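S.K.: Following the hints, complete the assembly by docking chain B onto the known chain A.
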Amino acid sequence: MNISPTEAEEALAAIQSMMQKTRRAISSSGAYKFLILWGAIWLIGFLGSQFLPKEVSGNVWIGLDILGGILSVIIGVGLKQGVRSSTPTTSGKRIGMFWLLLFLYCAAAIGVAWPVDGKQFAMFIILFVTVGWIAMGLLLSFASVWWGLALLGLSLVSYFLLPDYFYFIMAFVGGGGMIALGIYMRNRW
Amino acid sequence: MAELNETIHQTVRLRIMASLVTLAPSEEVEFTYLRDLLEVTDGNLGAHLRKLEEAGFITLNKAFVERKPRTYISATVDGRKVFSEHVAALEAIFKSKQ
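Protein chains in written order, with this note's numbering: chain A, 1 to 189; chain B, 1 to 98.
In isolation and in its complexed conformation, chain B is listed as follows:
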């Protein structure tokens, strides 16, 4: 049976993962783009990204684009798997009410 994941379940991290798994596996999103999408502050997003990175659910890729430093974020294979299990567990709990 699918299990809930405590790291992912926190509201902002859940929304981060939902956004990242929507992208194709070969795609990554830029930090400020994700920040604007989530409507959170730089510091708040940075803190949550660190937790997800420590858990191995996302990777941060730092690069220079037109001489400006940019951070690109993508979900790992493990992150995608854990997220889909988390969603399956949520659906099972929700269905148990009906």
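Just chain A, with the same shape it has in the complex:
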């Protein structure tokens, strides 16, 4: 079998492209749906915190969190299990356990620091979520670490230096950023 160097180059490019597509399909594996969902929840929730009375925005957050939890379960169940491993793995369970423990730590930290105001409450959740995000990035996909660090840095700067605009920045840059990253992952990964 004889082929020209140009044909060889084209074949190598096709191989490279397909390998990259497969890696990205496996690594993103529906994560963008969660990013878009929770980005939308942050956007609406923090805008509510900025503009609505405290009691109303608290109820809005509770409603959004319940809705987000239900939709996350529906998305999780509906995710296509396209790749499976013949060797038993506990990594998925361990990751789930990690997030559950992190959630409990977050609740415990808020309980210890109580009473906290709305901004402190939001900041506690953001700190724990970004720590979890960065930990997952270090273990699974290093590129996403930078997004987690950027969100963490932005949250701290907003909290300490721009407290009057904290909710507003979290809504558009935090929530909007998550939606944008989700759309980017869906279209480009």
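For the record, the hints were derived by calculation from the structure and aren't laboratory data.
Please note: incorrect hints may appear among the correct ones.
[Claimed, not checked] Quick list of in silico lysine-lysine cross-link-like pairs, DSS-like style, CA-CA up to 25 Å:
no.	chain 1	residue 1	chain 2	residue 2
1	B	Lys81	B	Lys51
2	A	Lys21	B	Lys51
3	B	Lys95	B	Lys81
4	B	Lys81	A	Lys21
5	A	Lys33	A	Lys21
6	A	Lys54	A	Lys119
Given the structure is predicted, the values throughout are model-derived calculations rather than measurements.
M.R.: This is chain B only, laid out in the frame that chain A set:
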């Protein structure tokens, strides 16, 4: 010297093998997932998979998941070896131009 493989060199089969060797040796991919990844029809993918299976480069594993029949595909050890030789041969031809 590494040799080109005619069975693998066909465009769709080359992309199938590129996708399968990207997975870990213990992993296998579901038929519809691979079809969507390659953007080909069921019939087209099925035909190419048969050729690769006949050559011993892949294995098809049929299973029931939540009472639905599913076909899982993985590259064999031989398939991985032949594919890497094919890539090495392509690289050698490409370098000969430079």
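S.K.: Now, for every hint given, state plainly whether the structure supports it.
M.R.: Hints versus structure:
no.: 1; hint: Lys81/B x Lys51/B; result: holds, 17 Å
no.: 2; hint: Lys21/A x Lys51/B; result: holds, 23 Å
no.: 3; hint: Lys95/B x Lys81/B; result: holds, 21 Å
no.: 4; hint: Lys81/B x Lys21/A; result: holds, 21 Å
no.: 5; hint: Lys33/A x Lys21/A; result: holds, 18 Å
no.: 6; hint: Lys54/A x Lys119/A; result: holds, 11 Å
In terms of the numbered hints stated before, the structure departs from none.
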